[in-house]
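Sequences are here, hints too, so could you generate the full structure?
For reference, the chains in residue letters:
Protein chains: 2
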Amino acid sequence: MKKKITLKHIARELEVSVSTVSKALRNSDEIGRDTKEKVQAFARLYNYKPNNIAISLKNKQTKNIGVIIPNIVHHFFTTVFRGIEKYASDKGYNVIVCVSDESFDKEVINMEMLANGSVDGFIMALSGSTQRQNDFNHLREVIEQGIPIVLFDRVTDQINCDKVIINDREIAHKAVSKMIAQGRRHIALVTNENYFNVSEERAQGYKDALVAEGLELDENLILTLAYDEIDEDLILDFFKREQIDAALCVNEIFAVCCMGIAQKLGFKVPEDIAFVGFTDGILSRHSRPSLTTVAQHGEQMGEMAAKMLIEKVEREINEDDDEQESYQTKVIEATIVERNSTVN
Amino acid sequence: MKKKITLKHIARELEVSVSTVSKALRNSDEIGRDTKEKVQAFARLYNYKPNNIAISLKNKQTKNIGVIIPNIVHHFFTTVFRGIEKYASDKGYNVIVCVSDESFDKEVINMEMLANGSVDGFIMALSGSTQRQNDFNHLREVIEQGIPIVLFDRVTDQINCDKVIINDREIAHKAVSKMIAQGRRHIALVTNENYFNVSEERAQGYKDALVAEGLELDENLILTLAYDEIDEDLILDFFKREQIDAALCVNEIFAVCCMGIAQKLGFKVPEDIAFVGFTDGILSRHSRPSLTTVAQHGEQMGEMAAKMLIEKVEREINEDDDEQESYQTKVIEATIVERNSTVN
DNA sequence: AGAAGTTACGAAACCGTTTTCGTGTTGATA
DNA sequence: TATCAACACGAAAACGGTTTCGTAACTTCT
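Taken in order, these protein sequences are the chains called F and E. Going by the working numbering, the first residue of the first sequence is number 6, and it counts up by one from there. Going by the working numbering, the first residue of the second sequence is number 6, and it counts up by one from there.
Hint data in this document are derived by calculation from the structure and do not stem from the laboratory.
Put simply, identical chains are the same to the list, so a pair is met inside one copy or across any two.
In silico SDA-like cross-links for lysine to any residue, where the CA-CA straight-line distance does not exceed 20 Å:
(1) K7 with N142
(2) K13 with Y51
(3) K13 with K63
(4) K7 with K65
(5) K54 with K111
(6) K41 with Y53
(7) K91 with H79
(8) K273 with S295
(9) K7 with K317
(10) K54 with A16
Put into structure tokens, the structure is as follows:
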């Protein structure tokens with residue numbers, strides 16, 4: 006096992022100083038031709054690579070970005086992550102992922118771990134319990150320390166920072182309008198607890214559409230499910246009890262489950278009931294019938310978030326100091342992917 | 006924006022030396038009661054947290070582990086990652102993820118980036134093109150440098166290191182045997198190019214089962230699909246052409262696609278044809294009928310990999326030096342989750 | 001030949017810690 | 001009272017780089 010070679014080793018071996026070696030390797034013109042060549046050849050021969058940690062310490066820059074997400078086993082977050090990783094990797098940044106598991110405490114711990122020099126900035130989607138208890142001091146502290154944050158999807162008004170979201174409300178409106186245009190009148194909403202900003206937005210869009218089309222809002226047509234565990238009986242009852250000819254579901258899994266249960270009850274999809282979900286994942290593509298769904302363009306979202314973060318990070322380095330902070334919120338335009346759960 | 010506070014700041018403020026501050030904070034008994042309390046109080050007040058980078062440099066230990074996987078938008082890898090992250094996080098390690106995108110070049114670049122001090126060890130699944138071209142020098146170099154690697158799932162005999170795999174061959178054998186026991190005789194295998202060690206193993210298990218049950222191997226019953234793009238026509242032809250009453254598919258997506266196409270052709274599942282897939286993801290759970298599949302227990306695999314890596318990393322620190330390297334291969338027992346694609 | 005400017009390199013500081021070692025002060029002991 | 005621990009702290013080195021500054025040796029100019 007040959008240990009990593011350092012500048013000091015090279016310097017000793019070649020009987021020059023460490024500074025000379027450093028400069029020679031960076032092709033400084035302070036160093037003579039011969040010495041440069043000698044050093045570079047030696048370095049190449051022994052496959053010298055500078056130690057990232059030492060450079061980080063010196064430059065006060067890690068070239069790492071921290072990503073904190075509630076759950077990695079989730080198609081949407083995964084695609085966002087891919088976008089982040091792709092962009093970051095391109096720009097020479099590494100990505101450290103922490104999973105908050107929808108837990109406020111873990112989110113706080115993870116942030117604290119990474120905030121002590123491990124990363125140059127954060128990209129995150131808030132955990133469910135953080136949104137529920139509305140406590141964002143951990144974010145504030147990090148920002149206070151001069152570490153930039155980009156929030157995506159699960160965001161909050163209470164923190165002033167860059168954000169990337171989709172036009173949830175608008176696209177939900179559009180999806181419902183489309184079903185109404187098909188002549189459907191009894192439109193259900195299948196959602197989860199409203200402390201999630203996105204669910205709330207989607208519900209708003211749903212209501213907007215009803216109002217815009219002159220339909221009445223019937224609270225009985227709104228089914229609220231738990232976030233992490235689907236109670237099939239609840240769904241069964243719902244579709245038995247109410248007269249429904251269309252349903253907007255706030256995610257892919259809800260949609261597929263509801264669709265399956267409705268089919269079991271003998272309803273034909275899309276003839277009797279149409280379904281629209283959110284998240285264009287494998288489930289939507291491979292369900293039967295295939296699911297019409299809102300594509301959130303997670304990868305694009307991730308790239309955008311990474312771009313915003315890295316720009317902020319690199320701006321801070323050449324801080325002219327007097328430029329005041331300015332934060333933006335980018336909206337990624339969601340699109341509706343029409344499949345067979347709404348039209349044949 | 007208050008900048009991070011350092012030992013030096015505290016020292017200056019309290020008019021003691023940096024070493025005193027450091028020791029006081031670590032509760033060294035070299036330091037007097039009063040001084041300790043003074044320092045600790047001050048540190049608490051200003052929320053002092055030591056700089057991880059500096060500690061890493063000093064300790065030659067980053068407390069980071071590098072994970073390199075071919076694809077993050079993939080249920081199996083995602084669950085393995087969750088296991089890794091969970092275990093690592095518990096032990097105070099961070100996880101840096103790089104996606105090789107099934108590309109040899111990216112795999113090499115990512116490893117090189119991380120090997121220069123950014124991580125204490127690697128956990129990885131080989132990219133498709135790495136397996137295809139059989140070039141593992143990047144792994145050898147890293148191991149040479151004393152950085153441990155744990156390979157999982159996509160492994161190779163050509164590298165001597167810790168590995169975590171599942172009993173692919175055995176479980177495939179078992180799955181096929183089960184279908185044969187149901188009286189099925191025309192068993193298809195839907196697989197992909199055989200440079201993936203896992204596909205190869207599963208194919209072997211398939212063949213083993215046929216032999217064990219005295220059935221003949223019919224090459225026509227083996228359908229080979231591309232890794233990343235499913236050609237539906239190919240599948241359609243296959244099920245039209247061959248007389249098939251059961252199919253073992255090397256992944257979830259293949260299984261669901263095939264099942265859908267077979268159903269379109271008028272076959273009843275499981276009456277006419279039974280299907281078994283690999284990977285117990287959402288697709289398997291929510292397909293219609295629900296899919297019998299091989300659960301790979303990715304999370305457990307990830308935990309095991311992380312455990313092995315961290316143990317090796319921490320052993321190296323107190324290297325008695327004379328203990329010879331020993332590598333193990335852990336086999337996670339896969340299980341068959343029976344659902345409605347094989348029995349009603 | 002002396003002044004001035006180049007060239008090519010080394011010493012040392014610095015990033016933020018930890019840790020070893022040295023030392024001045026105290027109190028106890030012989 | 002001289003000796004010796006024990007105590008409490010500071011100086012300095014180390015981790016592996018980068019960068020500023022100083023300077024010896026050599027050129028060039030007048």
